[in-house]
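If you read the protein sequences in the order shown, they are chains A and B. The numbering of the first sequence is the numbering used here, which starts it at 1 and goes up by one. The numbering of the second sequence is the numbering used here, which starts it at 1 and goes up by one.
Hints were generated in silico from the structure; no laboratory data involved. Some clues are possibly wrong.
Result set (BS3-like, lysine-lysine): computed pairs, CA atoms no more than 30 Å apart in a straight line [to be verified]:
1. A/Lys46 x B/Lys270
2. A/Lys33 x B/Lys118
3. A/Lys61 x B/Lys79
4. A/Lys33 x B/Lys234
5. B/Lys128 x A/Lys61
6. B/Lys73 x A/Lys46
7. A/Lys62 x B/Lys78
8. B/Lys73 x A/Lys61
9. B/Lys128 x A/Lys33
10. B/Lys122 x A/Lys33
11. B/Lys73 x A/Lys62
12. B/Lys196 x B/Lys102
13. B/Lys196 x A/Lys46
14. A/Lys62 x B/Lys87
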Amino acid sequence: MKFRQLLCFSTLLFGGANAEPEVGGRSLSEGIKVVRPSVGEDAWQKIGWRDGLLTAVDEAKKLHRPVLLWTMNGNPCGET
Amino acid sequence: MINHLRNDPAKILFTDIYGPQVPAGQWNTRGSKTKQGVYCMMPDGTYLGALFVGVQRDQVAKMLQQSLETWRKLVAEKKLTPLAVPKRAAFQNFHKEEGAEKVLIAVHYRDLPRENQKADQKGRAIGKSWNQNWLKLSRSEITELRPATKSWVVLPEKTVRKIAVTSLKDIVYGQSPAWKDEALIAGKLEARLTGKEGERVTAEYRGTFQLRDATHAYNPTLIGEATWEGEELKNLRWFAAGPRSGGTQYNFREGDPGPASLGISFVLAK
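Bound conformation, chain B alone (with noise of 0.2 Å):
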């Protein structure tokens, strides 16, 4: 995968011309190719400030500050004449660009509060950090969701699996893999109609789910709604809340075991 970036002028800027100007602590060279982290530059990739894997938001404001004194130095070296830099819309290419062919529902994460428990073993307050993702349904699978009677209807199972097995998990820290199959010990949605007003279709949402595997599991209860007009889903509010344990190896649960309850909420992007 690297090799198509080999020529790539981006690549070529940011490794061969910023890269050796950054102090060895920040620049990683221990076996992995990774180079997650914050970079600051001037736009010719001279050397203003780096943080490989800069997570933390005090060490990150600090390089930003030191990176900061170190462009007014050089604009008063080389007498720059900055502009101001015009507003631009925040970042949304992202969910306008994919929800062009499928419904994009903006997934969130956090631990809920824990009765008599502020922090972690590591001291990490419960509930301060939170991660986001991105639920991606086709028309055909969004369809599959809208119920037809005020009975409650179990939805899809291959839907519902797909759902539960790329969105029900704990990422508040980190990353995780989707569930294998097999992990879904058990899971059900359903569905019913709660209003019907011309095109207008409301409806409610119940759901259960067991996931476990070898390191880790989460067993959440989910509810919800959702408004349509016609065929388009105009709104979609979920809230899937249960106990997690154990973890994996990029969600960094380390010092956290559970069980302990997380929530997830989908909410349509817009």
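One chain only, chain A, in its complex shape (with noise of 0.2 Å):
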């Protein structure tokens, strides 16, 4: 009994001493993995958009394209 009371506490011990911070039960990797935008998310930053009307509106009147317009209140790259 004392032996095997030796050996769970060492197991707590050492395995405590390298085991892996967590929060709310996931490890960094975990929690970044859950919280970051999954492949297809993000799919509009990976557009090529101009970064302005007029840079899009010369470029479409030699292209013969339309224009879209996205505008917002704050920056369209962060907190929408």
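The task is to assemble the complex, starting from two chains supplied on their own in separate frames and drawing on the hints.
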């Protein structure tokens, strides 16, 4: 009994010392993975947006193409 | 702020040429001046489609499809010869421009899975929505995050406060202002060296925070790591999670008062 208790204590001690930190049951990698956008969720960021309406308009005139304008209060690149 | 745009050609195209063609329901004249939304037009301002405060993907997709059909009709009518749109790199100017003087950390926000609850009172699937912000730190603030010893050290209060009030907030569904200073009831971020090999240094982080004001609260715990080469931060990964409750004027938490777990990730932008 004493040896078994010692063995369990040692496992906890050394296992705890090397255990990866967690928050809410998630490791750092797991937490980041669940929060950050997955493949496909951030597809809009892969688009070659132009950074101004007139920049897009000038290009659209040459290409005979339409313009999509997305406007919002703040920075479209964050906190929409 | 609007006055300096009065004669701006882009503004004139949008409000004076395109705007009058937009159906009343999609051109905001309801008292506020905002025109947030998704708009489609020919380069001369001819109306194709519009969705004021368009945020629902199905509605936006439908509007885009209808705009595309209208454009195709115009192509036939006007005998246009559309050319291929040259491929361009993804729009990364923001963090590349800002990053010259500051270190940018991409911050993402998402509700964490809840036991026995798949949707909130508004029917929104828990964890489906996410949002993004940027944490901008000066070179000196970044230096303060680098520990010097293998023992835990408490990082400088001023920089930790900045990180907490600007980034540890609930913006999963919308916007929240930075917390006022007095809302940071408690906050501590610690760091320690975990390895050193030549110029390369690795560090570990841990922190706890309590933020609360009259309308909402957030109490996260943070863990993380970072890597330095000399004085340069090469990598940073932090994860914070904890219960949030209440809401702000524009973060659309009606129907989801909490408490419920909110996750926030911090990763060095590259």
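Each hint tested on the structure:
1. A/Lys46 x B/Lys270: Holds, at about 15 Å.
2. A/Lys33 x B/Lys118: At roughly 19 Å apart (the allowed maximum being 30 Å), B/Lys118 and A/Lys33 satisfy the hint.
3. A/Lys61 x B/Lys79: holds (14 Å)
4. A/Lys33 x B/Lys234: Judged against 30 Å, a Cα distance of about 20 Å means the pair holds.
5. B/Lys128 x A/Lys61: violated (38 Å)
6. B/Lys73 x A/Lys46: holds (29 Å)
7. A/Lys62 x B/Lys78: Since the Cα atoms of A/Lys62 and B/Lys78 sit roughly 15 Å apart, the hinted pair holds (cutoff 30 Å).
8. B/Lys73 x A/Lys61: With Cα atoms ~17 Å apart, B/Lys73 and A/Lys61 stay inside 30 Å; holds.
9. B/Lys128 x A/Lys33: Judged against 30 Å, a Cα distance of about 14 Å means the pair holds.
10. B/Lys122 x A/Lys33: OK: B/Lys122 and A/Lys33 at ~26 Å, within 30 Å.
11. B/Lys73 x A/Lys62: holds (19 Å)
12. B/Lys196 x B/Lys102: It holds: about 25 Å lies between the C-alpha atoms, which stays within 30 Å.
13. B/Lys196 x A/Lys46: Measuring from Cα to Cα gives roughly 36 Å; hence the hint is violated.
14. A/Lys62 x B/Lys87: holds (15 Å)
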